[in-house]
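These protein sequence lines are chains G, A and S, in that order. Read in our numbering, the first sequence has 210 at position 210, and its numbers run on one by one without any break. Read in our numbering, the second sequence has 22 at position 22, and its numbers run on one by one without any break. Read in our numbering, the third sequence has 27 at position 27, and its numbers run on one by one without any break.
Keep in mind the hints are simulated off the structure, nothing from the lab. Mixed in with the good hints there might be a few duds.
Calculated lysine to any residue pairs in the SDA-like style (CA-CA distance at most 25 Å, straight line) [claimed, not checked]:
| id | chain 1 | residue 1 | chain 2 | residue 2 |
| --- | --- | --- | --- | --- |
| 1 | A | K168 | S | P45 |
| 2 | A | K168 | S | A82 |
| 3 | A | K78 | G | L13 |
| 4 | G | K249 | S | E35 |
| 5 | G | K198 | S | V115 |
| 6 | A | K16 | G | F22 |
| 7 | A | K117 | A | F96 |
| 8 | A | K14 | A | H155 |
| 9 | A | K14 | G | Y8 |
| 10 | A | K168 | S | L59 |
| 11 | A | K4 | S | W62 |
| 12 | S | K116 | G | E229 |
| 13 | A | K16 | G | P7 |
| 14 | A | K78 | G | S27 |
| 15 | G | K198 | A | D195 |
| 16 | A | K14 | A | F142 |
| 17 | A | K4 | S | A4 |
| 18 | A | K117 | S | L53 |
| 19 | G | K137 | G | E81 |
| 20 | G | K87 | G | D108 |
| 21 | A | K14 | A | R286 |
| 22 | G | K20 | A | R87 |
| 23 | G | K198 | G | D47 |
| 24 | A | K267 | A | P309 |
| 25 | A | K4 | S | W72 |
| 26 | G | K214 | G | G143 |
| 27 | A | K14 | S | I42 |
| 28 | G | K20 | A | N11 |
| 29 | G | K198 | S | A82 |
| 30 | A | K4 | S | V48 |
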Amino acid sequence: MAEKDTPYFVGFLPIPAGLKLFLLVVSLSLITGFAAGGILVGISQDDPGQAGFRFDHGRQTVTGVFESHPYPMLHITMGSEHLPTGKTIMVSGQGKTNIMRGRSDELDGKIVEISGVIVQRGDLKMLQIAGGRRGLKPTEEDGVVPVAEDLGTWRVKGEICDGKCLAGAMNPGRGIAHKACANLCLIGEIPPVFVSTKPIEGEEYFLIAGPDGKEMTQDTYNYVGQFVEAETRIERRGNLLVMRMDPAKMQVTP
Amino acid sequence: MSVKYIPVQWNPNKWKYNAVMLIGVFAYLWLFIEWTPAIMSNDGRINGQIHNARAFGSCAFLMLTVILCIGPLARLDKRFLPLLYNRRHFGVMTLFVAITHAGYIINWYFSFSASNKYEALLFANTSYGQLSGFPFEVFGIFAVLCLALLAATSHDFWMKFLTPRIWKRIHYLVYFAYISVVAHVGLGILQDQQDKIFIVVFIGGALTVAALHILAALQERRSGDPDALSSGEWVAICHASELREGYAKVARLSGEERVAVFLQDGKISAISNACAHQNGPLGEGRILDCLVTCPWHGFQYDVRSGRSPAPFTEKVPTYQVKLAGDQVLVNANANPPGTFVEPVPLPSGA
Amino acid sequence: MNAAESIFFVAQVWATIGAVVATAFLLFGIDRIDEDARGAYIFRPLLVPGILLIWPLVLWRWWVLERDLDNWRNRHAPPRRAHLFIAVMFVVAIPLIIAVSWSLRQEWQADFEPVKISLLHGSAGQGDAAA
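Looking at chain G on its own, in the form it has when it is part of the complex (with noise of 0.2 Å):
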């Protein structure tokens, strides 16, 4: 019976003599195969695409009207290299905080001078201003905030993400795998973006609102990172499209 002939290993025992080679080549192939997935599996990551912290073009400092509804935004007034004056733009604070939450009302409508980074995909810009009088220092003087232009109702087909990471703040900044972290930047009132499959009045990104205009609504959590449709209201708050959002009107797409 072959069973005799063949080696016995036993582990406090040299090993076999019989069983040397095919340890041997057991061995160099798992090293192989772990080498070579590792080059396989590290290179095929998909392409997150330009986007992130513009530390490049330094701090940007600039002051205009400002707006805390549905999220913290800048109607720029005075601009700065980076920065156009009339430019609206979605504001941020460290981290996955809005540094504006709880004084917002109050700033509502002032003219502020804020200062930060920007963080950038493409058109989509947003600031994230430093941490105290550095970033934010308010003045008493009121602005004039744009009226929003409604530009009717529209079905679209997109994604939601929280602004901050899909700028570029993190890279990958979307998708499912990016959900949770999507939703603590929501939870800490990072603005919202839709990220749209084509564009409308030439935007690809647009700020979600509530239906109501306000925040986004607490159900809209269970679509972001999925590519949804929905049929939304859009405006215009100065230059930066805004989507009423309805859950109820919403979608996923397959």
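Let chain G serve as the given structure and place chains A and S on it in line with the hints.
Leaving out everything else, chains A and S in the frame of chain G:
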């Protein structure tokens, strides 16, 4: 083997085993982390933390996949048994790699907020009512907890303390951990990933594990140990002529109790098939230097008394043996472990 | 206290009791129930994480061994039938999970053109719509 417990009982084969394992794991991580960013043709740069998290996460998946292939492979082909020998070091290493993956994720995705990052891991996504967008992190948490429990109870003390039966039941959690990992990857990164290479590695690995297990289980069903033919207290195991010097015939007595009938020096002895250490199949072992040697970890027993040679203290139950003509009969009531039984000489001419 | 906090609180209580059990078992119990542990101390810290995790089981086994209630027969009856159960579970669950996960994968409909469906709204937009 016991005598006195020490943290790890090293021997040259364990060093070799760990060397192969560590070289493989380091090669994977080093090439993934240090080399691939330079060769990738991407426009954008993946964050270092996410890149590392993916390296460690995919490595842990691959390690667990390999670990789970070892068991069925060793049942299908005994030449793989040496891979089983030091598998628990492989498992403990997998835990560390998996924890590193979790660390990168928690310190990146779940940090920088006003909340505690560990609590954030649990409350950031609460979409439990849907499959797409399900908080797949919980599957990862479950798997890490299972691996942690397995690693924490991997010392030989636990086997003796809990009994191999309970210990094994706990360690069967590794199978649920693996299913959980498959769900973690499937509902997580698989939803986003477009490039097919990782998808092929993931699905291929998981299906290989499933296929090997069913193949090994079918083989065990087909050519597993026969039931002993019962006629009251004494049960027939085999014909004396079927016994071979230095080897055993195994038969199932009742439930999970198996007897291994050995022939040594022309005499028949019967001991429990289950090694006192991890319940390895002694009957699939061989007699080396007059001692039955377990195929899994090399624990040894005197076939007449079921006792390990001094200074070791392991004992297995023994069985009374008698011959009825050419039939080898065993008394189904096992003797307490370590009971000496006079071996029965093989009838002349058999 | 939210659900996440409660879970961490329970885990802390569990581990704290585990620490007490570990101290008692490793200082006094282990020598009484396992002769191989007598005089062996360096390996004991290795047991701490396990005791923290499964201290109720440790207490139960300690009691069984202390009272000499252990049935030696149970030590030699490995649950090998579980192999078949696990194999079947694997062969059903793994392909199922992969199939479900695969079917959930979404396609980015890059060609979809947003459609304007109406212009009329109640408040801010009315002026526009009329124009």
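Outcome of the hint check:
no.	hint	result
1	A:K168 <-> S:P45	holds (22 Å)
2	A:K168 <-> S:A82	holds (10 Å)
3	A:K78 <-> G:L13	holds (17 Å)
4	G:K249 <-> S:E35	violated (70 Å)
5	G:K198 <-> S:V115	holds (10 Å)
6	A:K16 <-> G:F22	holds (14 Å)
7	A:K117 <-> A:F96	holds (20 Å)
8	A:K14 <-> A:H155	holds (15 Å)
9	A:K14 <-> G:Y8	holds (17 Å)
10	A:K168 <-> S:L59	holds (19 Å)
11	A:K4 <-> S:W62	holds (19 Å)
12	S:K116 <-> G:E229	holds (13 Å)
13	A:K16 <-> G:P7	holds (19 Å)
14	A:K78 <-> G:S27	holds (16 Å)
15	G:K198 <-> A:D195	holds (23 Å)
16	A:K14 <-> A:F142	violated (29 Å)
17	A:K4 <-> S:A4	violated (43 Å)
18	A:K117 <-> S:L53	holds (22 Å)
19	G:K137 <-> G:E81	holds (19 Å)
20	G:K87 <-> G:D108	holds (17 Å)
21	A:K14 <-> A:R286	holds (21 Å)
22	G:K20 <-> A:R87	holds (19 Å)
23	G:K198 <-> G:D47	holds (20 Å)
24	A:K267 <-> A:P309	holds (20 Å)
25	A:K4 <-> S:W72	holds (21 Å)
26	G:K214 <-> G:G143	holds (20 Å)
27	A:K14 <-> S:I42	holds (20 Å)
28	G:K20 <-> A:N11	holds (17 Å)
29	G:K198 <-> S:A82	violated (54 Å)
30	A:K4 <-> S:V48	holds (18 Å)
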